[in-house]
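Student: Please put together the full structure from these sequences, using the hints given.
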Amino acid sequence: MKIATRESFGLALCELAKTHPEIVVLDADLAAATKTEIFKKAYPDRFFDCGIAEGNMIGVAAGLAACGKVPFAASFAMFATGRAYEQIRNSVGYPHLNVKIAGSHAGITVGEDGATHQCCEDLALMRTIPGMVVLNPADHYEMTEAVKAALAYNGPVYIRLGRLAIDTFNDPDTYKFELGKGITLKDGDDVTVIATGLVVNEALKAVKALESKGINARLINMHTIKPIDKDIIIKAAKETGKIITVEEHNIIGGLGEAVCSVTAEYCPVPVKRIGIEDIYGHSGPALGLLAEFGLDAEGLEKRITEIVK
Amino acid sequence: MDNKELLEMQKIACKVRIWTIEGVFHAKSGHPGGSLSAADMITYLYFKEMNVDPQNPKDPDRDRFVLSKGHCCPALYAALALKGYFSTDEIKVLRHIGAMLQGHPDMKGTPGIDMSSGSLGQGVSAACGMALAAKLDNKNYRVYTMLGDGECEEGQVWEAAMFASHMKLDNLCMIVDFNGLQIDGHVNDVAGLEPLDKKFEGFGFEVLKIDGNNFDEIEHALNKAKTVKGKPTVILANTVKGKGISYMENQVGWHGKAPNADEYKVALEELNEQLKILEG
Numbered sequence: 001m002k003i004a005t006r007e008s009f010g011l012a013l014c015e016l017a018k019t020h021p022e023i024v025v026l027d028a029d030l031a032a033a034t035k036t037e038i039f040k041k042a043y044p045d046r047f048f049d050c051g052i053a054e055g056n057m058i059g060v061a062a063g064l065a066a067c068g069k070v071p072f073a074a075s076f077a078m079f080a081t082g083r084a085y086e087q088i089r090n091s092v093g094y095p096h097l098n099v100k101i102a103g104s105h106a107g108i109t110v111g112e113d114g115a116t117h118q119c120c121e122d123l124a125l126m127r128t129i130p131g132m133v134v135l136n137p138a139d140h141y142e143m144t145e146a147v148k149a150a151l152a153y154n155g156p157v158y159i160r161l162g163r164l165a166i167d168t169f170n171d172p173d174t175y176k177f178e179l180g181k182g183i184t185l186k187d188g189d190d191v192t193v194i195a196t197g198l199v200v201n202e203a204l205k206a207v208k209a210l211e212s213k214g215i216n217a218r219l220i221n222m223h224t225i226k227p228i229d230k231d232i233i234i235k236a237a238k239e240t241g242k243i244i245t246v247e248e249h250n251i252i253g254g255l256g257e258a259v260c261s262v263t264a265e266y267c268p269v270p271v272k273r274i275g276i277e278d279i280y281g282h283s284g285p286a287l288g289l290l291a292e293f294g295l296d297a298e299g300l301e302k303r304i305t306e307i308v309k
Numbered sequence: 310m311d312n313k314e315l316l317e318m319q320k321i322a323c324k325v326r327i328w329t330i331e332g333v334f335h336a337k338s339g340h341p342g343g344s345l346s347a348a349d350m351i352t353y354l355y356f357k358e359m360n361v362d363p364q365n366p367k368d369p370d371r372d373r374f375v376l377s378k379g380h381c382c383p384a385l386y387a388a389l390a391l392k393g394y395f396s397t398d399e400i401k402v403l404r405h406i407g408a409m410l411q412g413h414p415d416m417k418g419t420p421g422i423d424m425s426s427g428s429l430g431q432g433v434s435a436a437c438g439m440a441l442a443a444k445l446d447n448k449n450y451r452v453y454t455m456l457g458d459g460e461c462e463e464g465q466v467w468e469a470a471m472f473a474s475h476m477k478l479d480n481l482c483m484i485v486d487f488n489g490l491q492i493d494g495h496v497n498d499v500a501g502l503e504p505l506d507k508k509f510e511g512f513g514f515e516v517l518k519i520d521g522n523n524f525d526e527i528e529h530a531l532n533k534a535k536t537v538k539g540k541p542t543v544i545l546a547n548t549v550k551g552k553g554i555s556y557m558e559n560q561v562g563w564h565g566k567a568p569n570a571d572e573y574k575v576a577l578e579e580l581n582e583q584l585k586i587l588e589g
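First to last, the sequence lines map onto chains A and B. Just so we're aligned, residue 1 is where the first sequence starts under our numbering, counting upward by one. Just so we're aligned, residue 310 is where the second sequence starts under our numbering, counting upward by one.
Hints listed in this document are in silico derivations from the structure and should not be mistaken for laboratory results. One or more of the hints may lead you astray.
[Unchecked claim] Calculated lysine-lysine pairs in the DSS-like style (CA-CA distance at most 25 angstroms, straight line):
1) B/477 to A/41
2) A/226 to B/477
3) A/186 to A/235
4) A/41 to B/444
5) B/444 to A/18
Tutor: What follows is the structure, given as structure tokens:
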């Protein structure tokens with residue numbers, strides 16, 4: 001099944017809203033794109049379009065949360081976390097209010113809209129806010145569970161959503177989401193690849209292909225960027241001796257640096273960060289950009305091979 | 310209001326000013342000017358207007374107040390302490406390490422504070438969210454938010470104003486403490502703010518203009534606001550920055566500095582003299 005995580009998010013909200021009357025949803029004139037329109041159609045009285053005014057939207061969400069509601073506020077990752085960064089920091093983070101922020105169209109797979117809309121900094125921005133949980137689910141099933149976990153957590157949460165429809169790879173019958181716990185998708189001893197979000201499935205294909213080349217890589221799906229799963233990283237560092245991180249995000253401030261912080265403090269091993277190398281994206285079809293930036297399965301297979309050798 | 314009640318309000322406001330000065334002096338920093346201009350309105354809100362109970366500060370049905378001009382919290386802390394939310398002893402360690410009372414309002418740590426604020430423009434949006442929550446829950450509590458005139462230069466104020474009007478938040482009352490001064494000088498020299506009434510009218514607000522240091526006018530406007538249906542109200546309150554202390558009145562320099570020991574002494578002498586007259 002191919003489905004964008006933004007759509008999974010909209011569907012999950014609708015499902016949870018049935019039993020959680022405290023859920024309300026806010027958007028900033030992008031409901032059709034963030035897929036909060038799915039919720040809007042089902043629960044028009046609990047949906048509020050704030051117009052193209054992201055700073056106010058976050059403040060309104062804070063006020064709603066202060067009165068017992070659980071607002072999910074959505075926009076593109078760029079505007080939700082970039083434009084409204086300080087509103088999130090001061091009106092949501094500081095009072096630790098129960099606001100969930102959803103940033104859609106994250107990363108370069110926004111595609112044709114180009115650099116102004118391709119947010120590769122959202123994880124970095126949200127990581128710096130004390131008490132903020134940062135989630136980056138990798139497929140439909142993971143997103144569904146992540147939204148539930150975000151609701152269960154009493155405090156601010158950022159959830160990253162993708163625009164691009166992607167294959168599901170988790171098994172819905174056995175999949176279990178635990179906030180702050182990475183998931184080992186493949187075991188291996190030669191190297192550990194830690195990936196997050198949309199590129200996890202690409203990394204999975206890459207490490208499987210590498211087996212035939214005699215490289216036995218471990219793969220960890222790190223759906224929670226904060227709090228980062230220290231234990232799984234330390235274990236991987238001890239057992240495989242080197243780590244490669246993969247993210248559709250600037251290599252500054254995101255998963256790569258979160259992993260480096262853990263290894264540097266607890267178990268220093270070489271870490272190579274694969275991601276957007278501190279540059280802006282540009283227009284083009286999403287899959288073409290993923291290949292150009294070396295984040296598709298083929299590109300990752302090549303990079304991992306080079307790094308391991 | 311009758312003379313007896315007016316006298317009572319004036320006495321409380323004078324005490325709010327005294328504790329404002331105590332706080333800022335002991336903190337050796339803070340914002341006396343805008344606290345003193347707002348003191349009468351904050352007094353009226355907490356001692357006459359709002360349905361609040363210091364014994365039950367989290368009552369879900371209470372009226373809410375968001376001090377969007379959060380730097381003027383010394384006056385709010387004084388009112389809350391006098392109302393019984395916490396001891397006035399807390400005011401003497403305002404802004405100290407480990408103190409409950411922070412330099413700007415902290416809803417997590419301070420009873421009676423309904424929203425953390427201080428980054429200008431943001432409290433107004435939170436107040437909109439609270440007013441919206443009341444509508445959703447069919448509750449009849451009201452939400453008050455006070456902002457500075459200089460604060461109206463923040464774009465977010467107008468995002469919030471558009472939202473409040475669009476959502477018909479008639480349970481929301483914004484109060485602009487129009488003391489005419491901001492850090493860099495007169496508001497209209499720093500950034501052309503006027504005509505502020507026309508701007509709010511254009512955004513769909515009921516606009517009331519009053520003398521914000523006059524209790525009769527404050528009462529009249531807040532009562533009027535409660536009768537307005539289908540749209541939010543803004544009270545543009547002309548005030549005197551530094552009100553009540555001769556050398557601070559209308560002086561831009563008293564926006565954000567504490568009096569030294571001599572100035573503190575003079576301020577308290579003046580305020581205590583006013584209180585003595587009021588107490589007859």
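Student: Given the proposed pairing of residue 477 of chain B with residue 41 of chain A, does the C-alpha separation stay at or below 25 angstroms?
Tutor: Since the Cα atoms of residue 477 of chain B and residue 41 of chain A sit roughly 22 angstroms apart, the hinted pair holds (cutoff 25 angstroms).
Student: Does the alpha-carbon distance linking residue 226 of chain A and residue 477 of chain B stay inside the 25 angstroms limit?
Tutor: violated (39 angstroms)
Student: Please work out if residue 41 of chain A and residue 444 of chain B have their alpha carbons no farther apart than 25 angstroms.
Tutor: holds (20 angstroms)
Student: Please verify whether residue 186 of chain A and residue 235 of chain A have alpha carbons no more than 25 angstroms apart.
Tutor: With a Cα-Cα distance of about 14 angstroms, the restraint between residue 186 of chain A and residue 235 of chain A holds, given a limit of 25 angstroms.
Student: Check the hint pairing residue 444 of chain B with residue 18 of chain A against an upper bound of 25 angstroms on the C-alpha distance.
Tutor: holds (20 angstroms)
The earlier numbered hint that this structure contradicts is number 2, and it is the only one.
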